[in-house]
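**Student:** Just so you know, the sequences run in chain order A and B.
So the first sequence is residues 1 to 168, counted in the working numbering.
So the second sequence is residues 1 to 561, counted in the working numbering.
Keep in mind that the hints are not guaranteed to be accurate.
Listed next, the in silico DSSO-like pairs over lysine-lysine satisfying Cα-Cα at most 30 Å (straight line) [what the hints assert, rightly or not]: (1) A:K87 to A:K75; (2) B:K87 to B:K150; (3) B:K474 to A:K75; (4) A:K75 to B:K285; (5) B:K510 to B:K474; (6) B:K285 to B:K307.
Stretch-level coverage of chain B by chain A, calculated; a stretch enters the list once three of its residues show a Cβ under 8 Å from a Cβ in chain A [unchecked claim]: (7) 59-73; (8) 93-104; (9) 426-432.
Some chain B residues well away from chain A (every beta-carbon gap over 10 Å; in silico) [unchecked claim]: (10) S290; (11) R292; (12) S382.
FYI, nobody ran anything at the bench for these hints, they're computed from the structure.
Backbone N, C-alpha and C define an ideal beta-carbon position, used for all residues, glycine too.
Chain residues, written in single-letter form:
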Amino acid sequence: MTFSEEHVTRAMARHLVGDGWEIIAVHPPDGQGPFVIPKPPRSRAIERASYHPDIVALRSSGERASTTLLLVECKLDEPALVDDLKKFIELAANRRSLLFALFRCQDFGGGPRIAIDYDYVSGLPTRKLPIVFALAAMGVRTTTTSVAPIGGFKCSKYLFGHSDLARR
Amino acid sequence: MYVLTEVEPTNHSSFLPIEWIPEKPQFFVWWTGTLGQAEWLITHSSALRRRAVAVKCPSTLAGVPNGLRPLFALEQPDLLISDAEGKPLLSIEITEQQEFGLNGQQRMARFWSAVASKVPSAYLLPIESYQIERASATDLRIFRERNTAKRQFLLDAAVLRDVNGESLWRRGVHSRADLLRDIKSAASTIPPKDLQAAQRFVRDHVDRSGDFAHLPAVSGEDYLKDIDGQLYKIYIRSPRVTTSMLLHWMNIASSVTPTYPFKLQSQSGWMFRTNGTLHTLEDTKDPHLSFRNLLPRPGTSEIFQRKLKRDELQLFIEMVNNVVSGTSVPSLGRESFTEPDLLFPKEVISEWRSRADSPEDIVTAGSSDLVCTAQTLDEVLSGLHYSASRRLESEIRSLVEHFKEFHIYKIRCNVTRSLADPYSGVIAVRDLLFCRQPDTTSLGDLTAFVRTAGLVFYVELREQGARSHTFLLKALSRVYRHLIPGGRISDPLDQLIALADSVRAEQIPKHIRSHLVLSDLVIVNRIYGDREEAEVMVGIPHLVRSGGVRTTSPLIKSLTV
């Protein structure tokens with residue numbers, strides 16, 4: 001079986017659901033991204049003028065203002081994640097882009113149950129914003145490790161073995 | 001049976017259940033977008049499931065059966081269903097992006113190709129959706145209003161889009177309830193010029209009482225939000241000029257072969273997350289479709305045309321099943337999409353183009369659609385500084401004398417980027433919408449180019465664009481030398497005729513392809529300060545009618561199955 005980045009993205013999404021996350025957007029390779037985060041006007045462009053994370057997910061511990069936003073980038077091969085890491089570093093340095101991502105997940109009348117209290121979080125210092133990052137790729141076996149924080153935000157790396165990638 | 005040689009079905013990376021992949025496929029779903037879109041289609045179509053495989057269509061078209069190539073002649077569709085013998089059955093486009101400028105029309109050359117080959121096609125698009133963008137100066141004033149009651153009223157009025165809250169406040173309307181009451185009762189507080197649009201908005205988006213399930217209005221509380229010092233707004237972007245043109249175009253084309261739009265129905269609960277667009281996230285019934293950013297499962301979205309009792313994706317799948325099984329395709333209520341005042345105000349049609357009564361109206365116009373007499377066009381040409389061979393000049397004269405009227409699509413730009421998108425689709429729209437009679441003579445064979453008005457693509461290049469852009473004759477010459485190695489022709493008209501006699505349409509690069517294949521005349525006017533320099537070139541449609549290009553030439557034959 002030949003694996004593609006999409007296999008990694010789907011394995012990661014399944015893993016996150018099992019871990020209590022609600023997936024709210026997935027951006028497959030070459031597809032149209034539904035969850036768009038504008039880049040600052042003078043940002044050095046890595047790709048076009050907006051971020052399209054491969055996976056966007058939310059998880060709530062049940063209390064108001066306790067919902068966390070997870071942004072994930074996926075690659076088939078682990079070494080290629082270095083470009084995604086750069087992308088996250090740039091994103092983490094842009095408060096407005098981070099707030100825009102949280103704004104998209106905001107709580108509002110008639111909106112989804114799990115959501116961000118935007119008015120509350122927008123008053124927090126950047127490093128306290130409820131955002132975490134993750135990187136995912138194919139590995140020899142399925143593992144999860146913490147990696148160095150990005151701009152003060154937690155970041156994890158997920159590798160998926162062939163048996164997890166092969167699940168349809 | 002067609003045997004796949006240079007292309008391979010994407011079985012090796014397919015997510016479909018293995019038992020669904022047939023050893024001897026009866027149908028192929030050719031994809032240029034994503035594999036997921038093809039597998040979504042195969043999964044939900046009873047006519048395709050277990051009978052079809054997905055095949056990635058290479059951008060070079062290597063290995064694509066000759067019978068399918070005309071569908072890719074001008075542009076490449078997202079999905080194309082064919083039978084096992086390589087006969088095209090249905091061309092499909094999917095876009096989740098709401099109309100913004102001309103992006104809705106960008107893909108229309110693909111539909112032109114389908115209509116020319118009498119192959120049914122379907123376009124899945126939002127038509128109406130939520131939009132998040134930077135707020136205007138007026139919105140900023142609302143946001144800064146210190147009187148909280150007035151601020152709330154201004155926000156409530158702003159989301160209705162068609163009324164001026166400040167003016168109404170001064171007239172004594174101070175609450176949302178009063179505003180809605182006055183609009184519905186046509187009270188004198190509502191200016192007559194705003195009344196009709198405001199009443200339509202309230203009917204469609206507040207009461208939601210019409211034949212269509214329009215999107216619920218955004219609430220005043222949600223309208224504006226400060227994001228780190230930058231104010232953003234969310235609102236409903238409704239179809240206006242460009243989408244109404246597109247829908248009318250599809251209605252005209254449907255007199256030849258079913259060419260149907262389907263609305264991707266947004267949901268207000270997702271307006272911030274995805275501008276309202278819905279997707280299949282976790283699909284427990286068909287897990288192979290989970291987490292691939294695919295359209296929702298048919299039957300799970302809000303029904304858009306209430307009287308049809310099925311959602312748009314169910315109707316789309318019905319079309320797919322009918323086409324694939326060879327049964328006739330019913331109208332599926334598509335004719336309603338162009339009924340006056342249902343999806344867009346009927347006055348919009350009068351905004352499609354304006355009449356140019358003098359050459360100045362054309363020369364001084366910005367990017368726009370114009371209609372003029374042959375005499376006016378002739379006067380425009382007389383004022384341009386261009387050179388042409390005697391033969392080209394004769395063809396230009398003959399074109400001007402052939403039609404009483406011309407439709408001019410003019411663009412003004414100062415960039416050097418390619419003029420491929422969105423203009424290939426935009427020109428295709430103008431062909432059927434403004435230059436054809438709705439009869440079999442004109443529409444029955446699109447490549448005979450029997451038109452009632454000439455079609456002119458007029459490019460005004462300024463600044464960097466004037467200095468550096470290669471459109472059109474420089475680009476044509478390069479293409480000629482590339483595609484006809486050793487060719488010694490230097491006259492642009494002869495180069496174009498030689499290309500038509502030698503190559504297929506898809507071999508001509510996109511940045512000049514549709515412009516020459518669909519326009520009767522292309523004008524490029526470069527403006528360098530106070531100096532102007534123009535290029536004028538007749539296009540393939542004129543040459544087909546004049547006999548300069550044979551209808552049996554490789555280029556013309558490559559346009560149809």
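**Student:** So, for every hint listed, does it hold in this structure?
**Tutor:** Taking the hints in turn, this is what the structure says about them:
1. Using a Cα cut-off of 30 Å, the hinted pair A:K87 and A:K75 holds, with the two alpha carbons roughly 13 Å apart.
2. In summary, the hint linking B:K87 to B:K150 is not supported, as the alpha carbons are separated by about 63 Å, beyond the 30 Å threshold.
3. Among the hinted pairs, B:K474 with A:K75 is inconsistent with the structure: their alpha-carbon atoms are about 42 Å apart, more than 30 Å.
4. The straight-line distance between the Cα atoms of A:K75 and B:K285 is roughly 27 Å, inside the 30 Å bound, and the hint therefore holds.
5. As the CA atoms of B:K510 and B:K474 are separated by approximately 15 Å, the hinted pair is consistent with the 30 Å bound.
6. Pair hint B:K285 plus B:K307 holds up; C-alpha atoms about 28 Å apart against a cutoff of 30 Å.
7. With 0 residues carrying a beta carbon less than 8 Å from a beta carbon of chain A, the segment 59-73 of chain B misses the three-residue requirement, and the given coverage is violated.
8. Remark: the segment 93-104 of chain B is confirmed as covered by chain A, as 3 of its residues place a Cβ nearer than 8 Å to a Cβ of that chain, reaching the required three.
9. Figure legend: the segment 426-432 of chain B, annotated as covered by chain A; annotation inconsistent (0 residues with Cβ-Cβ distances under 8 Å, at least 3 required).
10. The non-interface label for B:S290 is inconsistent with chain A: the shortest C-beta to C-beta separation is roughly 7 Å, within 10 Å.
11. Here B:R292 does not stay apart from chain A, with its beta-carbon only about 6 Å from theirs, under the 10 Å limit.
12. A cut-off of 10 Å between C-beta atoms confirms that B:S382 is not in contact with chain A; the least separation is 43 Å.
Hint check: violations occur at hints 2, 3, 7, 9, 10 and 11; the rest are consistent with the structure.
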